[in-house]
Amino acid sequence: MNQKRRWAGTLALIGGLLGIIATYLIFMAWYGPARTAEAAEPGCEILLKYLMPALSDFGILAGVLYLVAAYGFFAGFGWAFPIVVLANVLALQGSWFINVPMMAAGLPPIYFIIFWPNLLLYFLFMRWIGERSWSRTLLGLGTGMAFIFCFMNGVASLSRILILGKPIFVVVQRLNWIAFLGFGVTTVGTMLKPKEWMRVLGIASGLLELVVGVPLVVATTLLLGRFSLFSFGPIMSLILVTIAVWPGLWVRLTGESASA
1 MNQKRRWAGT LALIGGLLGI IATYLIFMAW YGPARTAEAA EPGCEILLKY
51 LMPALSDFGI LAGVLYLVAA YGFFAGFGWA FPIVVLANVL ALQGSWFINV
101 PMMAAGLPPI YFIIFWPNLL LYFLFMRWIG ERSWSRTLLG LGTGMAFIFC
151 FMNGVASLSR ILILGKPIFV VVQRLNWIAF LGFGVTTVGT MLKPKEWMRV
201 LGIASGLLEL VVGVPLVVAT TLLLGRFSLF SFGPIMSLIL VTIAVWPGLW
251 VRLTGESASA
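Take 1 as the starting number for the sequence shown in this note's numbering and just add one per residue.
Zero decoy hints are in this set.
Label-pair distances were calculated between CB atoms; the ranges are:
#1 Pro33 <-> Val245: 40 to 48 Å
#2 Arg6 <-> Val171: 48 to 56 Å
#3 Leu223 <-> Glu38: 17 to 25 Å
#4 Arg252 <-> Trp79: 23 to 31 Å
#5 Trp246 <-> Val185: 19 to 27 Å
#6 Val64 <-> Val211: 33 to 41 Å
#7 Ala204 <-> Val64: 27 to 35 Å
#8 Val245 <-> Thr221: 25 to 33 Å
#9 Trp177 <-> Asn2: 37 to 45 Å
Honestly, the hints are just simulated from the structure, not real lab data.
Quick caveat: nothing in here was measured; it's all calculated off a predicted structure.
Even for Gly, the Cβ is constructed at its ideal location relative to N, Cα and C.
Construct all of the structure, not just a fragment, from the sequences and the given hints.
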């Protein structure tokens, strides 16, 4: 076993233990206070009640996949890297957005305990273990951010439907999640082996998020009278669509020829 493979297995093992143990401890300690907290914005209490268990599933599943990848690295199997990429994407998804409603309810953003180490693991696995270029690593980070923001917009729209029932949230809610799924596939594919169809999927996902996200931004900005958190999805989507349609830029960033 070479040294890099041993380190990869150790890092995956750390990610697995962090994902499982920290998710259990945080959930058991904070789910009760989260359910009874007085939210500063309408709908946050619903997010905490139902989203916290759902994203805990992401965290525990990511932890299990990390452990599977650790076994693969130690045993020398080639499938270990794709598994660890999937685990990392799920862990980042499950530990970022939940901090927003927690802070809105006056609770500490406790899930950053999981998020920041996983962000570090992302760079270690991409740059050191996977030997990806900085441009490809940062592009994957960008598509991953869009992945998170589109999920966030879909969930936040659902909470507004339950609280306010305004038609604008109803008409766009599901489409945010379609963009979320598209960016998820694009993110994992970019980290593993970029293909032309992934670039096209990224364009479609970005345009979809712009079409459904911009009206959300306008509506919530007028409603709240301040900057809307719905803005992050459209902003990141605009950046990624620009990169994807700019002639040759996507290929230069990924370092791969555009193949089907």
